[in-house]
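Make the full structure from the sequences, and use the hints.
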Amino acid sequence: SGEDGYTIASSNGELTTWTSEDPDTGSPPTAVTRDLTSSGTALYAAQEATGVQKRNGSWANYGLGTTISAKSVAWLKNRLVTIAVKSGLYGIYEGTNTTPILEFPAGQAIDAVYGGKAFEMGPYVYVPVQNTDSSGTSIVYHVGLNSAATALEAKGSTVFPAGDALFSGFAF
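Quick note on our numbering: the sequence shown kicks off at 3 and runs consecutively.
By construction, these hints were calculated from the structure, which means they are not laboratory data.
Misleading hints may appear alongside valid ones.
Quick list of in silico lysine to any residue cross-link-like pairs, SDA-like style, CA-CA up to 20 Å [to be verified]: (1) Lys79 / His144; (2) Lys157 / Leu78; (3) Lys56 / Lys79; (4) Lys157 / Ser41; (5) Lys56 / Ser41; (6) Lys79 / Asp24; (7) Lys79 / Gly124; (8) Lys157 / Leu147.
Between beta-carbon pairs, the in silico distance windows are [claimed, not checked]: (9) Ser41 / Gly158: 19 to 29 Å; (10) Ala108 / Ala51: 16 to 26 Å; (11) Gly42 / Thr69: 43 to 53 Å.
Think of the CB as a built atom: it goes at the ideal place given N, C-alpha and C, for glycine as much as any other residue.
Rendered as structure tokens:
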């Protein structure tokens with residue numbers, strides 16, 4: 003939806019008929035869709051201006067409100083993980099909690115071109131972040147389940163050497 007974002011379409015199940023959808027339900031769309039993910043039963047859209055939208059039959063705001071600019075969404079550790087900007091700082095959000103698990107220091111952001119998609123491997127969710135200064139470094143934040151396995155919490159980070167950058171990852 004919107005300029006420079008995704009065009010979302012659903013099929014009739016046979017992949018012969020496609021219908022465009024707008025998670026923002028605006029006409030024309032007022033929010034740019036930056037990323038999509040699925041939990042297996044619902045579809046989630048990261049919206050530039052309206053937070054996260056959830057489709058479970060029809061589109062509705064997921065609950066993070068419209069005070070965040072969602073950049074990336076992923077279904078990890080059986081929960082929604084969103085990377086978003088709130089009050090000028092990037093952060094990692096879990097579910098509908100409007101307080102970030104981890105807020106990046108000023109000068110760190112997900113990459114504008116490659117997206118900074120969080121990924122899961124073993125006990126952690128990894129979030130690649132770029133320093134926006136001239137250092138040329140990137141950082142990977144590690145997030146994992148708390149001891150009660152009821153929520154995610156920050157576990158640490160790894161700084162890559164100057165010139166080495168991680169934008170995304172995949173584990174299998």
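Verification of the supplied hints:
1. Lys79 / His144: holds, 13 Å
2. Lys157 / Leu78: holds, 16 Å
3. Lys56 / Lys79: holds, 18 Å
4. Lys157 / Ser41: violated, 24 Å
5. Lys56 / Ser41: Distance of about 10 Å is within 20 Å: holds.
6. Lys79 / Asp24: It is violated: about 27 Å lies between the C-alpha atoms, which goes past 20 Å.
7. Lys79 / Gly124: Answer holds: Lys79 to Gly124 is near 10 Å, not above 20 Å.
8. Lys157 / Leu147: holds, 9 Å
9. Ser41 / Gly158: 19 to 29 Å: Between Ser41 and Gly158, where Cβ atoms are some 27 Å apart, the hint holds.
10. Ala108 / Ala51: 16 to 26 Å: holds, 22 Å
11. Gly42 / Thr69: 43 to 53 Å: violated, 28 Å
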